[in-house]
Amino acid sequence: MRATDVKNPDYFHRVIDCQWACPAHTPVPEYIRRIAQGDYQGAYLINWKSNVFPGILGRTCDRPCEPACRRGRLEEQPVAICRLKRVAADLKDDIAGLLPKAPRDKNGKRVACVGAGPASLTVARDLAAIGYEVVVFDSDSRAGGMMRSQIPKFRLPDEVIDEEVGYALSTGATFVAARRIASLRALIAEGYDAIFVGCGAPHGRDLAIPGRGEAARNVRIGIEWLASVFFGHTHTIGRRVVVLGGGNTAMDCCRSARRLGGEEVKVVVRSGYAEMKASAWEKEDAVHEGVEILNWLVPKAFTHEAGKLTGVTFERVRPVKDEHGRRQLVAAGEPDVQIPCDDVLIAVGQENAFPWIEADLGIKLNRSGYPAIDPTTFASSLPGVFFGGDAAFGPKNIITAVAHGHEAAISIDAFCHGRSLRDRPPPMTNLVSQKMGLHEWSYDHAITLDRRHVVPQVERAAALRNLRTEVELGFSLEQALGEARRCLNCDVQTVFSAPACIECDACVDICPIDCISFVPNAPEDEVRRSLNAPAVNLDQPILVSEPVKSLKVMVKDEDLCLHCGLCADRCPTGAWDMEKYTIEMAQAGHPCRSKQPTIS
Amino acid sequence: MTFQGKPKFRHPSIPTNTLGFTRRDYEGSMSTLCAGCGHDSITAAIVHACFELALPPHRVAKLSGIGCSSKTPTYMLGQSHGFNSVHGRMPSVLTGAYLANRELAYLGVSGDGDTASIGLGQFCHVMRRGVRMVYIVENNGVYGLTKGQFSATADRGSKSKKGARAADEPIDLAALAIQLGATFVARSFSGDKGQLVPLLKAAFGHRGAAFIDVISPCVTFNNHEGSTKSYDYVREHNIAVSALDFITGREPIEIDYAEGAALAVTMHDGATIHLRKLDAEHDFSDRAAALTLLERCRETGEIPTGLLYLDDDVEELHDTLGTTARPLNALTEAELCPGAKALEAINRGLR
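Residue numbers (numbering that gives the first Met the number 0), protein chains in the order written: chain Z, 0 to 599; chain H, 0 to 350.
To be clear, the hints were calculated from the coordinates, so they are not data collected in a lab. Among the hints, erroneous ones may be present.
[Stated by the list, open to error] Lysine to aspartate or glutamate pairs mimicking EDC-like chemistry, simulated, CA-CA at most 16 Å apart:
| no. | chain 1 | residue 1 | chain 2 | residue 2 |
| --- | --- | --- | --- | --- |
| 1 | Z | K48 | Z | E583 |
| 2 | H | K160 | H | E224 |
| 3 | H | K5 | H | E26 |
| 4 | H | K5 | H | D24 |
| 5 | Z | K108 | Z | D192 |
| 6 | H | K5 | Z | D443 |
| 7 | Z | K265 | Z | E288 |
| 8 | Z | K152 | Z | D284 |
| 9 | H | K192 | Z | D513 |
| 10 | H | K7 | Z | D373 |
| 11 | Z | K108 | Z | E213 |
| 12 | Z | K551 | Z | E525 |
| 13 | Z | K395 | Z | E74 |
| 14 | Z | K551 | Z | E523 |
| 15 | H | K5 | Z | D513 |
| 16 | Z | K434 | Z | D284 |
| 17 | H | K7 | H | E26 |
| 18 | H | K192 | Z | E502 |
| 19 | Z | K152 | Z | D443 |
| 20 | H | K7 | Z | D513 |
| 21 | H | K7 | Z | D449 |
| 22 | Z | K548 | H | E315 |
| 23 | Z | K265 | Z | E283 |
| 24 | H | K158 | H | D231 |
| 25 | Z | K307 | Z | D341 |
| 26 | Z | K551 | H | E235 |
| 27 | Z | K299 | Z | E162 |
| 28 | Z | K105 | Z | E162 |
| 29 | Z | K551 | H | D231 |
| 30 | Z | K299 | Z | E283 |
| 31 | Z | K548 | H | D231 |
| 32 | Z | K307 | Z | D192 |
| 33 | Z | K91 | Z | E162 |
The following block holds chain H by itself, in its conformation from the complex:
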């Protein structure tokens, strides 16, 4: 860990976004993770994405559970709302917050332990319900805080730092998310910001449950020969199935694509995802195809990255519950306590 704060000096020509903020304004306090941790790169990617989207920092809520990954919200978005919840229980807290105020942008940050082990049930249900959020798993395949035991996402046959072999079948969180109804599912790598930042931006623009599984090497316990989540292994086995550019309605589109190479998906708020298919076979709107792709790659040992599945025709939690469009804290007393007559009407309806 680093004891020194990051100097306040910034590059004199550092760009500002439409809110007049620089990227540095989206940073948090100094990371206490190990030097070289993939999680810090993901933090930097989130900072980049929020800066480029010009999200007002006070309109973002960042929530996490327990673990190395769950510490990272401290290191980003220092001006945003934050909640560090119980181990594996971030999805419930996030759901509650989202029910209370749908106007904030929700960012759930979790790890493979927090999500695939202790919080697996919570993970499944938050995906099923279609909570509008960006759910990131910083996936390193080990329990870093307890000195590197395999987690539930460690690939069968991979080796621990001490040489032990992972014997259990791994949980593929991306496949699980697709099965359980997440409508934006992607996988990426902490060492590839060129891919991760646009994915994050698109996920923030998505109107439903967006899940990104980010492989994030643990430099201390899982970056050796025999690991399948080391920097070297992921670089060698990474196959990008798609590349995308996320373009908000405000910015001019400057990129030219060869005809047919890009697929434009217009989001509900006028933003566009320009998706380039790098794997010609893959159909991103087909759930079965996405699952097949993951299964095929599991067999070949490849790591498919990029956007895997997208369904923009979303029915999210507030739609199904028919809840109020306004945040609860903006409702007046008259609306919250409609009086005896209203109660009577409700009771009558339930008889």
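So that you can see chain Z by itself, here it is in the shape it has in the complex:
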């Protein structure tokens, strides 16, 4: 094997599992350390720069970081990264004065954003702060998009949305409320230099099965029903409610229904419990609130009597693998199941809808009939029109929308300055030794054995009484500090220098999880097998050194490294060092445009 090229920005980035997994690549260990140091403001600003909505995401994020967390491979549970983010938002002081303001001299470019959801607001924040004149349009009277209309208030209070949407717009963008964009052609005619479409995937999928028309009064589309609940148009629901679908929208629907008078609320899903799309914690919360989840049932018909819904008939199915190894559902051959109910909420998915984009504008469509978007530049085929968030590639989540927004803002900036959209600015990286003295490191390298702390919740009866009572109370300071200590500081990298090594084996002997070996060089699969603890997790890189004096190579399996620093602590020659790797993804507007490097 060739020695690992640690100069490649991706190598050490991959070792920081959480940051690598985050669509916006938020520097997670760094902000967790700030929380542990009591610097909530610093922790918040690190988040704000990267993911724009720390308080919102700290309550509602899909948390791709947590399944990736190294701690989850060492014990049962990863660090509660998401809820620590909320701690930073909850405990910070006023930070409004620290946010960037629009420069006095604008650059003369005008950008329109369609929709005021997370993607658009990210574009607006990034571009307004560097001198663009940005206008954000939304059909609602308040900005926030689906964060406001679809996420129940008991998970995300309005004040949090107001605050962070306010911060995003505070860099100088203009919000135009209650203006629905009805024609892209007309918008283009207004003379913007670029247009960003971040209108989400607003169309809830329906179920065309018998009885749908007749029972229409009591059968509602989930996301539309949620919006009408949160905008105060719907106040009650029947005693017995069936929610169809197994995603997070279904979880929001059933939990909202429990608060509006639904006593017997059942979520009925085609798949098994484990395969449901909803996040594990959302399923748990729903079950905790007395919602019943029924699996392997496919809706066949709505039953009704005299124009009133009486229930839903389901066919029982079971999974089988087809010849391609894909899972198929086939009839289980058992009698149908009839579930009587008063109301049904359909939460079986969302779709994009662009009735306002004229077909003859020249925006090429993909196979599914939606605008074809470049996954790197977020450009459509019509120059100057960009897409992001759910509008680009279908429904995902807030953090993905934010990540799209940053990239689209870079593209818009390049487009407006006549640069190629393909030249993506590289991330900023830095690698700094954490050595403070003999056996002293500037990070908390002791490894705690604490198990994951549970976020306290409002007592169940009180939570169900009011639609707007936030269920999660957030960590107390003590719990937050305990949880923060569980972070393994994966951004503090083990950096090895072969020429300094005297092969005393001190690092090999001390490593608590046997991740360091000195072995004869060989092809990667052989090397991986030859280690003291074979490196079987192929998703994780191995660090291979230049040959040491005996011509062996040092191989470190990154998979389970605790970043405890003992290898560097026991190294007599400083061949090992603990160095903090900072990687910040590029955002629109390099401070020095003429010196801005490019990756081709």
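Chain Z is fixed; fit chain H onto it per the hints.
Same frame as chain Z, now just chain H:
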């Protein structure tokens, strides 16, 4: 020294031995020796060997004298019996313990100062008596705790860190052990666990006095140019005269040897040493040959490592004394105080 304890996390797929212990269960507390000390590698090798042999930790007694090396029993076998004795007097304490209870596995850990200087007499007699034990000298050629003066094993002509030349003739502890009747004598290097771990396992299986001289560089005072016990010097001058695999009776033998290349020695408890001779001339069962090998290498400046001498036909201390097979603490009062008649019989026998 490191202030932080070793995290309790272990590799999820860490192997367990027949007792259900992992290697981590044979560790002790955190070493306070200098970072990179060869002694820590020897500690790790002992931990490996005891784990692989599945020694019940509470059936091991570790004894030491004074010095850097004699601190190391703290860093291994945290669940075993330990005795940190007076400088150079570990052999006497070990002998006493062995007389009292022959059922424990005895590990004597000493250094070149503790053994070759202040404790040389004790060393000689414990070898003569054939006490069943594993006696390890962690040999770095300097007095580390008093800032690096030459010890009695420093080679003549080697240089101290400050440039002084060692003028006295060195003591070769392996040669001395062979002369004095040790029946398992080996030399190894702290930086070569591949060699040291099987040697340790075989030594634990040996039914007599087993001695291993382990060259263990002192990173702080004896790892410079001009030293003959530095990592670089030992690596360059190391010639392995043998390689062995120690196979306990329980494990299946998986290694295939070319015919004639390996010599199988069956130990008293059914375990086997598979010995590969890397030096075709050398006869491991011949005391004179072993001494000749050491003398020849001294002349050429080479460091012969591996098993140097083995005599499995052992008459050990309890055999010669005819002492009780049971530990003293397991004898009942009736056996310990056999009464006036028995005393009378003994007295009669002595008249």
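Taking the hints in turn, this is what the structure says about them:
no. : hint              : result
1   : Z:K48 <-> Z:E583  : holds (10 Å)
2   : H:K160 <-> H:E224 : holds (8 Å)
3   : H:K5 <-> H:E26    : holds (10 Å)
4   : H:K5 <-> H:D24    : holds (12 Å)
5   : Z:K108 <-> Z:D192 : holds (6 Å)
6   : H:K5 <-> Z:D443   : holds (14 Å)
7   : Z:K265 <-> Z:E288 : holds (11 Å)
8   : Z:K152 <-> Z:D284 : holds (15 Å)
9   : H:K192 <-> Z:D513 : holds (15 Å)
10  : H:K7 <-> Z:D373   : violated (48 Å)
11  : Z:K108 <-> Z:E213 : violated (53 Å)
12  : Z:K551 <-> Z:E525 : holds (14 Å)
13  : Z:K395 <-> Z:E74  : violated (29 Å)
14  : Z:K551 <-> Z:E523 : holds (14 Å)
15  : H:K5 <-> Z:D513   : holds (12 Å)
16  : Z:K434 <-> Z:D284 : violated (44 Å)
17  : H:K7 <-> H:E26    : holds (11 Å)
18  : H:K192 <-> Z:E502 : holds (12 Å)
19  : Z:K152 <-> Z:D443 : violated (37 Å)
20  : H:K7 <-> Z:D513   : holds (12 Å)
21  : H:K7 <-> Z:D449   : holds (12 Å)
22  : Z:K548 <-> H:E315 : violated (44 Å)
23  : Z:K265 <-> Z:E283 : holds (14 Å)
24  : H:K158 <-> H:D231 : holds (14 Å)
25  : Z:K307 <-> Z:D341 : holds (8 Å)
26  : Z:K551 <-> H:E235 : holds (15 Å)
27  : Z:K299 <-> Z:E162 : violated (45 Å)
28  : Z:K105 <-> Z:E162 : violated (25 Å)
29  : Z:K551 <-> H:D231 : holds (14 Å)
30  : Z:K299 <-> Z:E283 : violated (27 Å)
31  : Z:K548 <-> H:D231 : holds (9 Å)
32  : Z:K307 <-> Z:D192 : violated (53 Å)
33  : Z:K91 <-> Z:E162  : holds (13 Å)
Hint violations for this structure: numbers 10, 11, 13, 16, 19, 22, 27, 28, 30, 32, all remaining hints satisfied.
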